[in-house]
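Undergrad: In case it helps, the numbering used here puts the sequence shown at residues 2 to 260.
Worth flagging that the hints you see were computed from the coordinates, not collected in a lab.
Each residue gets a CB set at the ideal place from its N, CA and C atoms; glycine is no exception.
Just to be clear, a hint being listed does not mean it is correct.
Stated by the list, open to error - Cut-off 27 Å, straight-line C-alpha distance, at most; resulting in silico cross-link-like pairs (DSS-like, lysine-lysine): (1) Lys23 - Lys102; (2) Lys11 - Lys24; (3) Lys24 - Lys72; (4) Lys11 - Lys71; (5) Lys71 - Lys225; (6) Lys11 - Lys23.
Said to hold, decoys possible - Taking CB as the label site, the calculated pair distances span: (7) Gly119 - Ala216: 56 to 62 Å; (8) Ser175 - His96: 45 to 51 Å; (9) Leu210 - Gly182: 38 to 44 Å; (10) Arg219 - Gly109: 20 to 26 Å; (11) Glu137 - Asp214: 28 to 34 Å; (12) Lys108 - Ala60: 45 to 51 Å; (13) Ala216 - Val12: 31 to 37 Å; (14) Gln122 - Asp194: 41 to 47 Å; (15) Val128 - Glu88: 28 to 34 Å; (16) Asp194 - Arg151: 48 to 54 Å; (17) Gly244 - Glu195: 26 to 32 Å.
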Amino acid sequence: MTPLYHRFPKVLRRIQRFDASKKILIMLRNPVTRAFSHYVHDIINHVVTGERTDHFTQAATFSFVDLWEKKSAYFLRYQPIVDGAFERFGRQNCHVVFFEKMVRDWKGEASALDEFFGFTQPVLASVGLPHENRVEPIPYFFTYGTPPGRRGWLAQKTARGVTLFEDLDSVQVSNALATQGSYTLDVSESLVDEMTGWAEPDIAALESLLDIDLAEWRRPFEMKQAFAGVEQEDLAFVRERVGPVLQGASYAGFGLRRF
Numbered sequence: 002m003t004p005l006y007h008r009f010p011k012v013l014r015r016i017q018r019f020d021a022s023k024k025i026l027i028m029l030r031n032p033v034t035r036a037f038s039h040y041v042h043d044i045i046n047h048v049v050t051g052e053r054t055d056h057f058t059q060a061a062t063f064s065f066v067d068l069w070e071k072k073s074a075y076f077l078r079y080q081p082i083v084d085g086a087f088e089r090f091g092r093q094n095c096h097v098v099f100f101e102k103m104v105r106d107w108k109g110e111a112s113a114l115d116e117f118f119g120f121t122q123p124v125l126a127s128v129g130l131p132h133e134n135r136v137e138p139i140p141y142f143f144t145y146g147t148p149p150g151r152r153g154w155l156a157q158k159t160a161r162g163v164t165l166f167e168d169l170d171s172v173q174v175s176n177a178l179a180t181q182g183s184y185t186l187d188v189s190e191s192l193v194d195e196m197t198g199w200a201e202p203d204i205a206a207l208e209s210l211l212d213i214d215l216a217e218w219r220r221p222f223e224m225k226q227a228f229a230g231v232e233q234e235d236l237a238f239v240r241e242r243v244g245p246v247l248q249g250a251s252y253a254g255f256g257l258r259r260f
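Model the full structure from these sequences, guided by the hints.
TA: Put into structure tokens, the structure is as follows:
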């Protein structure tokens, strides 16, 4: 169970009716880095694909700073969520897993999970995590074309290669590049401090509720993300598919933004 479940009370009620004594795992991480991680996830999986803008036919911006100022669904208070789960399912049936601890000390966390589930022999502690926690670069529109009398195209570099978006009009190309230019990929130290200050009352309440120390959530940290790197072979691939490319043309005005 992640905090997102608590935006859908009907789901929780269905879980409760199914088995009120069900073992519930509550997955939490630093609320500020969680918000940025969800933001990047949405860029990679929904924004760069054109899903959020009806295949780039709509103009849109997607700034983390704007979402912070609006206090979007990325920014959650944990203590009411955990307290509500304890009340609904019983504290003895709930176990809180912290992302940072799980990544740092999987064996220790897995042993605690074995105990929570009532295993008398190591089960989870005897296996590793299914995969490493990896940072995926953000797909990058690195060149484009709007040739006279022909439909336009965009070339996008991803972690897996190059994707071509073809049969576009000039408005779609412009919208896609403008949206890319609105991304917040380097969050300033002052803004991280502001967000951590916003989360402080909730962190303190969670510490009291769970009798734990979450000092690591208060320590200074960076929030940065990078575009996928472009190689000469990527340009060669595009050139083979669509002809001459505008090397560097798409960089002007669409680089990283710092706040």
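Undergrad: Starting from the range 48 to 54 Å, see whether the pair Asp194 and Arg151 falls in it by beta-carbon distance.
TA: holds, 50 Å
Undergrad: Holds or violated: Lys23 with Lys102, Cα cutoff 27 Å?
TA: Since the Cα atoms of Lys23 and Lys102 sit roughly 24 Å apart, the hinted pair holds (cutoff 27 Å).
Undergrad: Honestly, do Lys108 and Ala60 meet the 45 to 51 Å range at C-beta?
TA: Holds: the Cβ-Cβ distance is about 50 Å, inside 45 to 51 Å.
Undergrad: Can you tell me whether the CB distance of Glu137 to Asp214 sits inside 28 to 34 Å?
TA: holds, 31 Å
Undergrad: Just to be sure I understand the hint, the distance between the Cβ atoms of Leu210 and Gly182 should be within 38 to 44 Å; is that true here?
TA: With a Cβ separation near 42 Å, Leu210 and Gly182 satisfy 38 to 44 Å, so the hint holds.
Undergrad: Please verify whether Lys24 and Lys72 have alpha carbons no more than 27 Å apart.
TA: violated, 31 Å
Undergrad: At the C-beta level, are Val128 and Glu88 separated by a distance inside 28 to 34 Å?
TA: With Cβ atoms ~33 Å apart, the hint holds.
Undergrad: Is the straight-line distance between the alpha-carbon of Lys11 and that of Lys23 27 Å or less?
TA: holds, 16 Å
Undergrad: Under the criterion that the straight-line Cα-Cα distance not exceed 27 Å, is the pair Lys11, Lys71 satisfied?
TA: Distance ~26 Å between Lys11 and Lys71 Cα, so the pair holds.
Undergrad: Compare the distance between the alpha carbons of Lys11 and Lys24 with 27 Å, and conclude whether the hinted pair is satisfied.
TA: Roughly 18 Å separates the two Cα atoms, so the pair holds.
Undergrad: Has the hinted range 45 to 51 Å been met by the Cβ atoms of Ser175 and His96?
TA: holds, 50 Å
Undergrad: Determine whether the Cβ-Cβ distance between Gln122 and Asp194 falls within the hinted range of 41 to 47 Å.
TA: Holds: the Cβ-Cβ distance is about 46 Å, inside 41 to 47 Å.
Hint check: violations occur at hints 3, 7 and 17; the rest are consistent with the structure.
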